[in-house]
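Residue numbers (numbering that gives the first Met the number 0), protein chains in the order written: chain P, 0 to 303; chain Z, 0 to 496.
It should be emphasised that the hints constitute simulated quantities derived from the structure, not laboratory data. Virtual Cβ for every residue (Gly too), placed ideally from N, Cα, C. Certain hints may be false.
[Claimed, not checked] Which residues of chain Z face chain P? A few of them, derived with a C-beta cut under 10 Å, are:
#1 5
#2 7
#3 8
#4 15
#5 78
#6 81
#7 85
#8 86
#9 88
#10 90
#11 91
#12 92
#13 93
#14 95
#15 96
#16 242
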Amino acid sequence: MPAKVIVRDLRKHYGGVHAADGVSFEVQDGEIFGLLGPNGAGKTTSVECVVGLREPDTGYIEVSGIDARQRPGDVKQKIGAALQTTSLQDKITPREALRVFGAFYRNRAEPQALLERFSLAEKADAPFDTLSGGQRQRLALALAFVNNPELIFLDEPTTGLDPLSRRDLHGEIARMKQGGHTVMLTTHNIEEAERLCDRIAIIDHGRIVASGAPHELIALSAAAPTVFLATTQPLDSGLLNRLPGVHDVTSEGPGYRFSTAHVTRTLAELMKLLEARGIEIGELRVQKATLEDVLIELTREGRE
Amino acid sequence: MTDSSFDGMREQFGIGFRLYFRNKMGMFYGYLFPAIFLLAFRVLYRYEPIPMARHMGQLLTVTILGGTCLGMPTTMVSERERGVWRRYRLTPASMSSLVTSAVVVRYFIAITAGLLQLALALCIGMPLPKHPLELWLAFTFVAFAFLGLGLVIAAMADNVPTVQALGQCIFLPMLIIGGVAVPLESLPDWAQHVSAFFPGRYAVACLQACINGIGTGASGFDFLALVLIGLAGFVSGAWMFRWDAQQRFASRGKGWLTVVIASWVAVGVMAEVRGGISSSPPAQPRPARIAAPASVPLMAAPAAAPAETAKSESAPVVPAPHGTDQDALHQSKTWQEVTIAEINHNVDFRKLPPDGDVVTPIARPGLDAPPEMQEQLNALAVALQDWPPGTVEDPVQRVRNLMYVAAVPDVLEMEILESYVPLLVFDRVKQDIPKEDLIRILFWIAAHPSDGDDSAARQVEDLGLGKAPADLADVRERVTLYSLKLLGRLIGKIQEK
Numbered sequence: 000m001p002a003k004v005i006v007r008d009l010r011k012h013y014g015g016v017h018a019a020d021g022v023s024f025e026v027q028d029g030e031i032f033g034l035l036g037p038n039g040a041g042k043t044t045s046v047e048c049v050v051g052l053r054e055p056d057t058g059y060i061e062v063s064g065i066d067a068r069q070r071p072g073d074v075k076q077k078i079g080a081a082l083q084t085t086s087l088q089d090k091i092t093p094r095e096a097l098r099v100f101g102a103f104y105r106n107r108a109e110p111q112a113l114l115e116r117f118s119l120a121e122k123a124d125a126p127f128d129t130l131s132g133g134q135r136q137r138l139a140l141a142l143a144f145v146n147n148p149e150l151i152f153l154d155e156p157t158t159g160l161d162p163l164s165r166r167d168l169h170g171e172i173a174r175m176k177q178g179g180h181t182v183m184l185t186t187h188n189i190e191e192a193e194r195l196c197d198r199i200a201i202i203d204h205g206r207i208v209a210s211g212a213p214h215e216l217i218a219l220s221a222a223a224p225t226v227f228l229a230t231t232q233p234l235d236s237g238l239l240n241r242l243p244g245v246h247d248v249t250s251e252g253p254g255y256r257f258s259t260a261h262v263t264r265t266l267a268e269l270m271k272l273l274e275a276r277g278i279e280i281g282e283l284r285v286q287k288a289t290l291e292d293v294l295i296e297l298t299r300e301g302r303e
Numbered sequence: 000m001t002d003s004s005f006d007g008m009r010e011q012f013g014i015g016f017r018l019y020f021r022n023k024m025g026m027f028y029g030y031l032f033p034a035i036f037l038l039a040f041r042v043l044y045r046y047e048p049i050p051m052a053r054h055m056g057q058l059l060t061v062t063i064l065g066g067t068c069l070g071m072p073t074t075m076v077s078e079r080e081r082g083v084w085r086r087y088r089l090t091p092a093s094m095s096s097l098v099t100s101a102v103v104v105r106y107f108i109a110i111t112a113g114l115l116q117l118a119l120a121l122c123i124g125m126p127l128p129k130h131p132l133e134l135w136l137a138f139t140f141v142a143f144a145f146l147g148l149g150l151v152i153a154a155m156a157d158n159v160p161t162v163q164a165l166g167q168c169i170f171l172p173m174l175i176i177g178g179v180a181v182p183l184e185s186l187p188d189w190a191q192h193v194s195a196f197f198p199g200r201y202a203v204a205c206l207q208a209c210i211n212g213i214g215t216g217a218s219g220f221d222f223l224a225l226v227l228i229g230l231a232g233f234v235s236g237a238w239m240f241r242w243d244a245q246q247r248f249a250s251r252g253k254g255w256l257t258v259v260i261a262s263w264v265a266v267g268v269m270a271e272v273r274g275g276i277s278s279s280p281p282a283q284p285r286p287a288r289i290a291a292p293a294s295v296p297l298m299a300a301p302a303a304a305p306a307e308t309a310k311s312e313s314a315p316v317v318p319a320p321h322g323t324d325q326d327a328l329h330q331s332k333t334w335q336e337v338t339i340a341e342i343n344h345n346v347d348f349r350k351l352p353p354d355g356d357v358v359t360p361i362a363r364p365g366l367d368a369p370p371e372m373q374e375q376l377n378a379l380a381v382a383l384q385d386w387p388p389g390t391v392e393d394p395v396q397r398v399r400n401l402m403y404v405a406a407v408p409d410v411l412e413m414e415i416l417e418s419y420v421p422l423l424v425f426d427r428v429k430q431d432i433p434k435e436d437l438i439r440i441l442f443w444i445a446a447h448p449s450d451g452d453d454s455a456a457r458q459v460e461d462l463g464l465g466k467a468p469a470d471l472a473d474v475r476e477r478v479t480l481y482s483l484k485l486l487g488r489l490i491g492k493i494q495e496k
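Isolated chain P (complex conformation):
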């Protein structure tokens, strides 16, 4: 099946700043694709070029098989988008907004159904300037659905939301996928990306520096797994340093944290050591590399 979004060598600069410097990626049909990166990495510029808010300097963009730079109007008929912040006229109500925005599309969703789906029924006739941040964000999402889109773009969708609203929104994004929609989102929130996305592209300084499924990206990490150990009796850290593959032993709270290149061998030797000395384990945790480690590694490289 052809990719839902194809971006090739996208470039956009503002003065001397290269916000997008040869960005290329593909989004497959039915997946949630995340563009992850630190602030100012070029996520929003890239997405805004794809959805037609900005005209790129060069590059090829294809959405649902349509050349987005040649036929932006046709692309807009097929996509829905929610920006980082959505502002509407102060006195427009959610019901009116859904009706007005829906009227621009050939394929229109029923406003009442959207109000209910995004928990806005109670506020359907309230002016926009009386809505809370969470309600405005839900309205922004509802507006992205007024045309029953094949593809949804979400730019930093949970920025500024309280934890409860963020959780609700995560649930909604997951339901989008279940409903057969393809979703592309930008975020700098690693947990959000790892939790929601089937695939992630890490962008830094306007370039894609890595892409793949979250576990694939983690596997790319050069960071060694870490072990946290707390014992019921005191343990000399020097003993830990002598275990095979162990390095970077540090004291942390009631125990020690260390890295190892060979988790199984290290743990086997550790058990023997503790048993021999009659020391009981209070807590033992093994932690593999995280997406955060990957992001920091990849973006630190760019900065260095």
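Assemble the complex: chain P is given as a structure, and chain Z must be docked to it using the hints.
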């Protein structure tokens, strides 16, 4: 246009209208402000015989200007600043459809505000416009010109305060020297030439022609000017349009601004080439009250205004300091003794205010009064025949009384009318008093400005010419001036142009 773009434009138009009516400030500026403006004009021109008929063109122009050059760009820039337009850009809506709906909304708001103003004017006595359909047409052309201008302002301004500043830069000059708030005939010559470069002049002219004139028939150039200015505004406004507050005006091609300015200049130059920019002899600023002794070209210094019933025959006439002819210097004891030599010696007719001046104006003979005044002037000519103060036995008092009929409208600043009434009065006294006697009487009145009974000034109101002010000093002064103006005509010292 596809169904969805038409639907979108229709919905956008509908919501634009509804949102406007939810905005209290918009309602104030859109509807209440024009109503207040109308009432202010009514107070200002309260003595005009047909209320507001001569000023509706000005008022409607102010209303359209406010809604299109201030109201529309304020809304557009405010929404752009807040990112509303950016959200619309995510939809398949084209810039042209969104701008069209915004412009159409403003047009209809302007139409309703104009209708409200017209309705109010009708309530206070203005007759129905003579050419209502043509008035709508003219209104549409005016709105077109100013909406184009509004789009340019919206494109240029980065924020709402800039809109206000830019709007006022256009609004105020147009009001003051552009022939919108201040009538062209009241402006000095240079200002009338400047006004030819502003669209406000053409807006007022074509609207006014439909209200009490001959309709659009003679407004061809006005329409052309409005179309040119509007077209330049729309094309430039569309090219300079900005969806996003982050797009700066500087990067959108200032060249289009040149197109707008060029259209104004072209219209002004064409108007100059056509000629007829000055609508009437240049008028001088109207003083609150002219200084009588300095302005009366007699060497007589009128005494302070007497009681209304004063009948003194002894007001001083100061001998000419430069005079040498003892006969001429002789002060006649009665009006019958006045001689031409005495008149010639004592009066310098060159010092009289010109007929085109704001003080004691006199219309040029043969120049027809505006149609809406013709009927009133005809009725006044008839009424003057039997007006009781104009039939008193004493010929001096009779002439003095009739001169009050010319003087009171002048003091009340009853524009246009004040310049035609003196002609009727002159005809009336010439018809009543033999020329030789009239010459002597007019000089006598001018030489004795404080004499006689001035109760007739109070009865001018019965002729529908307004109520004389409590202090009659100005009225008496105008009686003197009009008497001298008629005197000059009778003895050939003043040539009627």
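Exercise. Hint by hint, work out which the structure violates, then give me just those numbers in ascending order.
Key: 14
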